[in-house]
Amino acid sequence: MMSLPKIVLMCAGESAYPTLQLLLLEKYLSAVVCVGKQDGSHVVQEVCEEQKLPVFMLSSKKELNALKSWLEGLDANTIFCVGFPYLLPMEILTIYAGRCFNFHMGVLPEYRGPMPIFETLRSAEKETAVTVHQMTASFDEGDVVFEDRFYLDAGETFGSLALKFAERISLASQNLAQMLSFGNSLPLKKQEGAFASFFNYPDKFETTIKWKSMCSSDVEHLVNACNPWNQGADTLLHGKPLKLVSVQFSKEQHDDVEAGTILQLELGKPVLVACLDGEVLAVDIVSSAWGIEPAQKLFSRIAHVGDVLGANQKLNKTNRLKNRVESTTE
Amino acid sequence: MQKIGILLPRSTYYGSISFDLFDGLKQGLKHLCRDDVIVVHDNIGFGTDQQLCYRATEQLLMNDEVSIVFAYVSHRTAQLLKPLFMATNKLLVVLDSGANLPQEWPLSSNTIYHSLHNSLGSWLSAKEASRFGYDKAVMVTGYYDGGYLQTHATHLGFSSQQGRIVNNFVTGYKREEFNFSSLSTWYAEQEGTCFLAPFSGDFVQWYFEEIKKQFSDSSVAIFLPPFGLEESMLAGAPYPNQEVRGVVCWSKHLSLPKNTTFLEVMESAGKRANLFSLLGWEASILADKALGLMEANRFDGRQTCRDLLEFSFEGPRGTVYFDAGTHTSLAPLYRALLKENKEGGCALEVLEEIPADQVLDAYVEMSGVPLENATSGWYNSYVCI
Chain L
1 MMSLPKIVLM
11 CAGESAYPTL
21 QLLLLEKYLS
31 AVVCVGKQDG
41 SHVVQEVCEE
51 QKLPVFMLSS
61 KKELNALKSW
71 LEGLDANTIF
81 CVGFPYLLPM
91 EILTIYAGRC
101 FNFHMGVLPE
111 YRGPMPIFET
121 LRSAEKETAV
131 TVHQMTASFD
141 EGDVVFEDRF
151 YLDAGETFGS
161 LALKFAERIS
171 LASQNLAQML
181 SFGNSLPLKK
191 QEGAFASFFN
201 YPDKFETTIK
211 WKSMCSSDVE
221 HLVNACNPWN
231 QGADTLLHGK
241 PLKLVSVQFS
251 KEQHDDVEAG
261 TILQLELGKP
271 VLVACLDGEV
281 LAVDIVSSAW
291 GIEPAQKLFS
301 RIAHVGDVLG
311 ANQKLNKTNR
321 LKNRVESTTE
Chain D
1 MQKIGILLPR
11 STYYGSISFD
21 LFDGLKQGLK
31 HLCRDDVIVV
41 HDNIGFGTDQ
51 QLCYRATEQL
61 LMNDEVSIVF
71 AYVSHRTAQL
81 LKPLFMATNK
91 LLVVLDSGAN
101 LPQEWPLSSN
111 TIYHSLHNSL
121 GSWLSAKEAS
131 RFGYDKAVMV
141 TGYYDGGYLQ
151 THATHLGFSS
161 QQGRIVNNFV
171 TGYKREEFNF
181 SSLSTWYAEQ
191 EGTCFLAPFS
201 GDFVQWYFEE
211 IKKQFSDSSV
221 AIFLPPFGLE
231 ESMLAGAPYP
241 NQEVRGVVCW
251 SKHLSLPKNT
261 TFLEVMESAG
271 KRANLFSLLG
281 WEASILADKA
291 LGLMEANRFD
301 GRQTCRDLLE
311 FSFEGPRGTV
321 YFDAGTHTSL
331 APLYRALLKE
341 NKEGGCALEV
351 LEEIPADQVL
361 DAYVEMSGVP
371 LENATSGWYN
381 SYVCI
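Order-wise, the sequence lines are chains L and D.
Taken in order, the first sequence gives residues 1 to 330; the numbers are from our numbering.
Taken in order, the second sequence gives residues 1 to 385; the numbers are from our numbering.
Keep in mind that a hint or two might mislead.
[To be verified] Here are the simulated DSSO-like pairs of lysine-lysine, each with C-alpha atoms no more than 30 Å apart in a straight line:
#1 D:Lys289 / L:Lys126
#2 L:Lys68 / L:Lys6
#3 L:Lys297 / L:Lys251
#4 D:Lys252 / L:Lys189
#5 D:Lys271 / D:Lys258
#6 L:Lys190 / D:Lys3
#7 D:Lys3 / L:Lys189
#8 D:Lys252 / D:Lys271
#9 D:Lys289 / D:Lys271
#10 D:Lys252 / D:Lys212
#11 D:Lys258 / D:Lys339
#12 D:Lys258 / D:Lys342
Since the hints were derived computationally from the structure, they do not count as laboratory data.
Computed from a predicted model, the values in this text were never measured in an experiment.
Make a model of the complete structure from these sequences and hints.
Printed below as a string of structure tokens:
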């Protein structure tokens with residue numbers, strides 16, 4: 001029989017908040033380790049202090065060395081990691097042998113790496129999973145305890161999916177704690193290496209819309225995968241950076257217009273952009289040096305029908321003059 | 001040979017519950033010529049001991065190597081067992097009284113719920129009260145039955161028709177505490193108020209005894225949910241001399257060919273036909289289908305669960321199908337009227353089937369209502385005390 005889990009929750013801020021609450025409620029929680037620079041980490045710290053729960057605010061990877069001695073002072077026997085960005089030192093893995101678990105936000109072994117939500121959405125998957133696995137010296141490679149599969153909604157964004165994961169992980173953490181409490185052994189399953197893929201943290205190239213090679217649905221998926229963590233998918237307008245935060249399919253179609261071309265820019269109507277496959281996307285919200293605003297508002301100031309997104313196209317003299325007049329009148 | 005498992009409960013006032021469930025399943029499999037299916041069973045008591053429920057399931061999955069487990073458990077316990085089925089990719093079929101509303105309708109890739117829909121019946125029974133012109137009601141329930149969210153469903157169903165619960169009357173759970181004298185005094189000053197009464201088991205008998213005793217000079221309209229009109233318990237209850245209506249999920253008196261078959265098979269085997277053997281019988285139909293799907297899907301429980309959501313069948317209570325949004329089965333519900341038999345006892349008359357679209361609409365509405373602060377403190381499976 002396994003022993004009652006006394007859990008150290010290692011997390012990176014607000015994504016672990018529902019898990020923290022549920023483990024606290026169920027009296028499984030012994031301590032919390034939180035990466036100090038993440039959004040919402042102060043909330044986690046405040047809750048721990050309020051509950052008189054030991055908390056270790058980890059400000060950098062270097063401090064992992066100090067973690068071992070801090071853990072030695074606790075009466076804990078299990079580690080749960082939720083959004084925790086670092087590998088655990090081998091010493092800790094040895095002390096808590098078989099009782100270090102990660103709650104991965106994607107299907108394993110297909111979506112290993114630090115941003116599985118981004119990769120899942122970019123790849124237009126129809127379903128994903130909370131995958132609960134044992135931790136090893138490599139990222140996301142340990143034996144799987146269970147996976148909680150669920151479908152993605154249409155138009156799912158990184159943000160909406162991250163919120164779903166936060167809720168589902170809290171239930172999965174309760175499930176695992178109960179398995180450790182009541183079970184004889186954990187039903188572990190090896191990951192099938194043949195299907196394994198590791199994705200690094202996405203760089204600028206991966207968040208940039210390739211208008212000349214991506215079809216409309218690829219663009220839509222990339223935009224959703226970048227919203228909100230990257231403030232949208234990257235492109236250019238007149239050679240300057242611009243991010244598309246939200247797009248949707250239009251009923252319109254176009255015939256042989258260069259992909260990325262602005263087709264419609266009229267007051268009260270959506271901004272329409274041509275895609276490679278003849279489909280037309282309506283751009284709702286954009287992010288730029290001017291801020292985050294409705295596409296109609298930004299584009300009516302600085303763009304024209306026929307301008308091409310993604311092209312390293314400079315403003316011509318007429319446009320520059322128009323912009324100057326508009327900015328003066330505003 | 002294929003193996004399935006069943007986790008059986010116990011109950012003091014439905015003493016035969018585990019036998020009925022098991023007999024229904026076994027007779028159903030026999031009727032389907034599935035003598036090749038081995039049924040492994042275990043007892044999980046009242047369903048409150050998490051350790052017991054988990055261990056029994058673990059035993060079935062890992063030692064007995066069954067591919068499907070049927071379990072008469074609450075939604076809470078199903079949540080506890082869920083990861084075992086996700087981990088082993090096998091199938092859990094929760095056999096559910098439907099007396100509680102879950103805090104959230106849980107969607108698990110390897111779990112489906114096959115329900116008798118007592119809360120939905122309560123909701124619709126309360127709507128029946130409105131249909132008969134009542135806009136005020138007293139909720140009359142007991143310490144035990146009142147602890148399940150079927151009471152909340154009753155309240156929501158009635159208020160959805162602009163009805164108002166003007167009094168909540170809760171009895172004790174011992175016979176000597178089961179007394180309606182104060183209710184009778186209060187009711188004497190009311191007009192146009194009906195009784196919405198979630199009761200089950202022995203309590204139905206006591207309820208009718210008290211109604212007969214305390215309300216002999218009054219006329220009271222009473223509306224009951226499916227378990228309140230459960231025929232094996234009605235058999236021992238005196239007719240209360242009042243108009244008693246309600247909604248049932250099944251009756252011996254349903255004139256359906258599949259019901260006739262069910263009754264004949266059970267009778268010829270010397271077994272009881274009741275709500276629980278019905279649940280077991282329908283489980284056998286699900287088992288037959290699910291075992292075939294399991295083979296076709298190379299024992300992928302997740303895919304089998306998905307496929308089952310597309311499955312429908314004709315059973316003793318009519319066409320059973322699944323709501324994919326909540327992984328829960330839906331079946332016809334019927335309007336019923338209580339009548340007096342020759343011995344002064346109760347007999348059930350099934351009046352008509354509630355139109356299927358109304359049942360579906362009510363279910364969608366009910367399962368979509370946020371429970372907010374409504375919560376049940378009862379952890380046991382319904383009627384398992």
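Agreement of Lys252 of chain D and Lys212 of chain D with the hint, judged by alpha carbon distance not exceeding 30 Å: 25 Å, holds
Practice task
Quickly compare the C-alpha distance for Lys252 of chain D and Lys271 of chain D to 30 Å and report which way the hint goes.
Solution key: 14 Å, holds
| field | Pairwise hint evaluation, Lys126 of chain L against Lys289 of chain D, where the allowed Cα distance is 30 Å at most | value | With Cα atoms ~26 Å apart, Lys289 of chain D and Lys126 of chain L stay inside 30 Å; holds.
Starting from Lys68 of chain L, check that the Cα of Lys6 of chain L is at most 30 Å away, please. Roughly 16 Å between the alpha carbons, so the hint for Lys68 of chain L and Lys6 of chain L holds.
query: Keeping to a limit of 30 Å between CA atoms, is the pair of Lys297 of chain L and Lys251 of chain L held or broken?
result: At roughly 22 Å apart (the allowed maximum being 30 Å), Lys251 of chain L and Lys297 of chain L satisfy the hint.
Check your understanding: If you draw a straight line from the CA of Lys258 of chain D to the CA of Lys339 of chain D, is it 30 Å or shorter?
Key -> 25 Å, holds
Checklist entry - Is the Cα-Cα distance between Lys3 of chain D and Lys189 of chain L 30 Å or less? => result Roughly 22 Å separates the two Cα atoms, so the pair holds.
Do the alpha carbons of Lys271 of chain D and Lys258 of chain D lie within 30 Å of each other, as the hint requires? Within the cut-off at roughly 17 Å; holds.
Quiz item: Holds or violated: Lys190 of chain L with Lys3 of chain D, Cα cutoff 30 Å?
Solution: 25 Å, holds
**Report entry** Holds or violated: Lys252 of chain D to Lys189 of chain L, with C-alpha atoms at most 30 Å apart
**Finding:** At roughly 48 Å apart (the allowed maximum being 30 Å), Lys189 of chain L and Lys252 of chain D break the hint.
- prompt: Would the pair Lys258 of chain D and Lys342 of chain D pass a check requiring their Cα atoms to be no farther apart than 30 Å?
  reply: Judged against 30 Å, a Cα distance of about 28 Å means the pair holds.
Could you grab the alpha-carbon distance between Lys289 of chain D and Lys271 of chain D and see if it respects the 30 Å cut-off?
24 Å, holds
Hint violations for this structure: number 4 only, all remaining hints satisfied.
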